[in-house]
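Could you put together the complete structure from these sequences and hints?
Here is what each chain is made of, one letter per residue.
Protein chains: 4
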Amino acid sequence: MKPVCLVIGAGAGIGGNVGRRFAREGYHAALCRRTDQDGLDRLVGAIEGDGGSASGYLLNAVDDGTIEQRIEAVEAEIGPIEVAVYNLGAQIGDRPLRSTSYKAFEMGWRLGCFGLFRLANLVCPLMEERGAGTLLVTSATAAVRGNAGQHSHAAAMGGRRMLCQTLNAEYGPKGVHVAHILVDGAVDAPDTLGKMLGPERYQQLRETRGMEHDGLMLPERIADTYWHLAQQHRSVWTHELDLRSFSDSPWWNG
Amino acid sequence: MKPVCLVIGAGAGIGGNVGRRFAREGYHAALCRRTDQDGLDRLVGAIEGDGGSASGYLLNAVDDGTIEQRIEAVEAEIGPIEVAVYNLGAQIGDRPLRSTSYKAFEMGWRLGCFGLFRLANLVCPLMEERGAGTLLVTSATAAVRGNAGQHSHAAAMGGRRMLCQTLNAEYGPKGVHVAHILVDGAVDAPDTLGKMLGPERYQQLRETRGMEHDGLMLPERIADTYWHLAQQHRSVWTHELDLRSFSDSPWWNG
Amino acid sequence: MKPVCLVIGAGAGIGGNVGRRFAREGYHAALCRRTDQDGLDRLVGAIEGDGGSASGYLLNAVDDGTIEQRIEAVEAEIGPIEVAVYNLGAQIGDRPLRSTSYKAFEMGWRLGCFGLFRLANLVCPLMEERGAGTLLVTSATAAVRGNAGQHSHAAAMGGRRMLCQTLNAEYGPKGVHVAHILVDGAVDAPDTLGKMLGPERYQQLRETRGMEHDGLMLPERIADTYWHLAQQHRSVWTHELDLRSFSDSPWWNG
Amino acid sequence: MKPVCLVIGAGAGIGGNVGRRFAREGYHAALCRRTDQDGLDRLVGAIEGDGGSASGYLLNAVDDGTIEQRIEAVEAEIGPIEVAVYNLGAQIGDRPLRSTSYKAFEMGWRLGCFGLFRLANLVCPLMEERGAGTLLVTSATAAVRGNAGQHSHAAAMGGRRMLCQTLNAEYGPKGVHVAHILVDGAVDAPDTLGKMLGPERYQQLRETRGMEHDGLMLPERIADTYWHLAQQHRSVWTHELDLRSFSDSPWWNG
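Protein chains in written order, with numbering that gives the first Met the number 0: chain A, 0 to 253; chain B, 0 to 253; chain C, 0 to 253; chain D, 0 to 253.
Among the hints, a few may not be true.
Lysine-lysine pairs mimicking BS3-like chemistry, simulated, CA-CA at most 25 Å apart [claimed, not checked]: (1) K102/A / K102/B; (2) K102/D / K102/C; (3) K102/D / K194/D; (4) K194/C / K1/C; (5) K1/D / K173/D; (6) K1/C / K102/C.
Don't read these hints as lab results, they were simulated from the structure.
Listed below in structure tokens is the structure:
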């Protein structure tokens with residue numbers, strides 16, 4: 000029975016590539032996303048085509064019980080979740096305060112913070128029982144600074160970051176590695192950045208940001224770092240790191 | 000008509016003392032707290048006894064519409080809210096992850112983060128229209144680091160801090176001063192610290208923490224800094240500062 | 000005998016205005032700067048014209064023994080240094096790495112970091128003996144993030160900030176208040192900003208940055224906050240705060 | 000001709016292990032340390048015994064020209080420095096302010112900050128010319144918070160961190176990857192920790208900190224992360240990360 004890498008938020012960007020990478024290394028990739036059964040099928044098919052093992056699930060993380068039921072089913076039917084990846088974004092674009100509805104603000108929290116709490120609530124104790132496990136959390140610049148128009152997103156991500164620290168403080172000594180991965184730039188992902196920009200501007204950006212798309216962060220290379228984090232010896236764990244393209248300014252340089 | 004200082008969370012600690020200080024300087028203090036009509040009456044009475052102007056309201060900030068209705072009533076019946084103080088805590092004590100219910104986690108967010116968003120949503124545009132205003136936000140160490148057992152509190156406060164930054168980014172240039180005040184220590188407040196510890200341990204702590212209770216933070220002196228922040232010239236605003244007793248270690252020194 | 004406020008770096012900007020403010024409140028202002036005897040005389044004269052007490056000294060802080068001898072002379076001849084202000088900048092403008100000489104890098108450290116260490120080395124023990132004292136340290140954005148071309152300045156200021164924390168950790172519990180004041184913007188100071196820009200661009204900037212020069216930070220209003228810090232009750236000290244104009248973006252917002 | 004990994008500070012802890020790891024991957028390890036020719040010979044011998052290529056140099060980094068001459072000689076005689084590792088510590092133990100001599104404070108800066116500047120001054124332009132290169136900088140908790148007694152160390156490390164940011168800001172877009180690696184715990188290194196504690200307490204610590212010495216950070220596993228950083232694709236570089244043992248508290252948790 001293969002160990003499982005569970006990915007919440009497995010699109011064509013970071014989530015899908017991380018699942019694929021762990022599958023290549025011998026994990027079963029349990030891939031969850033909200034919509035796009037076709038994209039999910041393609042991803043599972045690609046992993047299986049590489050000789051890997053994967054399964055896909057449509058799942059609306061903000062609905063009650065969805066994450067919880069998926070964890071239970073995976074544990075019962077597939078195998079122990081050794082690695083869990085929380086990769087849901089909560090970006091809704093820049094909106095002035097008055098245009099940020101209570102509902103949008105709450106939705107940001109549900110996706111950005113509460114969903115991670117629910118995931119951790121189930122998987123951390125399982126990992127503790129087994130003496131080991133890894134929780135990899137994709138995060139965003141908004142976790143460390145709040146820009147204009149980012150009320151919902153920044154409040155959610157600021158909470159996400161502090162939650163990663165409280166999880167680490169409680170579960171680190173129990174053998175559960177929690178890492179907060181600050182993705183400080185635009186990822187070359189057709190179904191997030193591509194949708195946000197539209198196909199033309201997306202293609203244009205890919206072409207102008209430099210040789211080999213270097214200006215955009217390549218998600219398959221981001222997956223290399225996720226894999227490395229999961230491989231770190233427990234005497235030398237990283238809790239927090241940043242990732243950005245060489246050609247981008249870090250957030251603190253404006 | 001006096002300008003109003005609206006305090007959400009006006010107990011016998013920071014909130015009440017800030018209200019009292021602003022009343023002494025010529026503001027009407029509109030004081031809101033969840034329970035304890037007697038304590039509220041005493042506070043209003045004390046301010047009026049000093050020759051100041053105040054009114055008190057019981058208000059459960061997590062209930063729909065409560066903050067909003069209070070703002071509208073104060074603006075209609077008393078005067079323009081020049082200063083708003085968000086002073087609700089969300090500390091529930093240390094609880095392991097498994098003992099932190101979904102409800103407790105959500106309640107932390109409602110008090111710690113969403114309530115501030117609701118307040119800001121109404122008062123920032125009013126202040127913008129009038130070209131000036133101040134939003135003073137009490138915050139906690141958990142806004143900058145997450146300790147074990149602080150899952151609900153730290154996630155809420157991390158969100159609070161980022162929200163202060165997004166509010167500042169949008170409303171600062173419009174003349175609204177938003178300040179995030181990190182209270183990094185125990186406040187000498189009978190109805191929060193006193194309740195948490197019980198009367199005997201509270202009294203004991205007051206006596207052992209040194210001459211003139213210096214080890215505990217005196218809320219009337221905290222109010223001095225709140226007042227200073229509201230007086231800063233708009234060319235030299237502070238967005239973020241910390242406060243602690245000289246005898247306490249800062250959070251980063253452990 | 001008046002208590003003394005010693006200012007290292009007392010030009011026409013923050014340093015001079017802080018000295019003037021403390022003199023107005025009853026301190027003797029002992030004002031040190033590297034050059035410009037005329038400017039120094041004018042400053043002393045202005046303070047005395049207001050009915051205050053002041054003295055001025057030309058002093059090259061990077062030369063051996065200069066700060067030390069001044070402290071000893073002031074303590075012996077004028078009075079106890081209750082407040083010391085370290086206000087030396089170390090900004091040399093943006094220079095690429097290859098154009099930053101070893102000498103420039105070292106000079107940055109001597110002004111930015113070592114001078115503060117020398118000051119603290121003498122005044123903190125004096126303040127400890129007397130059971131109280133305040134060390135106010137002007138700092139810059141470069142203390143918290145390093146921009147391109149700021150090799151010398153940022154390395155010096157990053158050291159300055161950490162030094163403030165070690166001083167606070169050791170001397171706070173002994174009654175010495177150390178505050179690190181992050182000045183995150185351009186100060187309306189003719190002899191720093193004015194010199195850097197030249198008279199025409201400086202005047203232009205003053206005119207275009209908005210009504211009442213609000214875009215530039217008014218140093219006499221910065222002095223209000225220095226004064227407030229020195230007045231904070233020891234149960235509620237601020238160690239770190241930022242200052243910027245309402246119309247400027249904080250460093251983290253780029 | 001093999002590419003070179005130059006290590007400044009190559010003892011039996013992080014530096015030596017990083018050199019060894021890069022040698023295993025095909026680099027020539029150019030290993031510099033201040034003293035202990037025997038230890039250096041053993042290290043070079045061990046690498047060569049593994050089939051790798053290495054050379055060792057005694058070098059006092061604080062002496063004028065030493066780092067510079069070594070870089071020039073390595074480039075001339077061995078090969079292009081593709082990876083430079085700055086691994087000099089500047090920890091002198093806890094010393095109160097009055098016991099921290101000017102000389103000790105300056106020495107901290109020379110080792111902690113100026114040496115890195117000198118290294119970067121030569122290798123960054125070489126790497127820029129070649130379009131790629133990696134500068135890996137070992138850092139310490141004192142780079143992000145100043146504890147009592149750490150005046151020299153924290154001021155030096157605070158400068159080191161800001162310098163890494165200015166180097167990254169200037170050289171990142173030119174293809175040079177600068178990483179600041181915060182080692183937040185005790186490393187299982189006989190010639191630093193071992194010397195500081197003495198053989199008995201060191202052995203005792205190794206035994207009591209848990210199974211497989213997990214409480215101490217294993218330097219050969221730290222080297223895994225240094226290697227990973229040097230392998231990151233330039234679209235997904237990490238500038239800053241922390242490392243600590245699962246059983247240790249992060250610095251922010253005290």
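Hint numbers not upheld by this structure, sorted from lowest to highest: 4, 6
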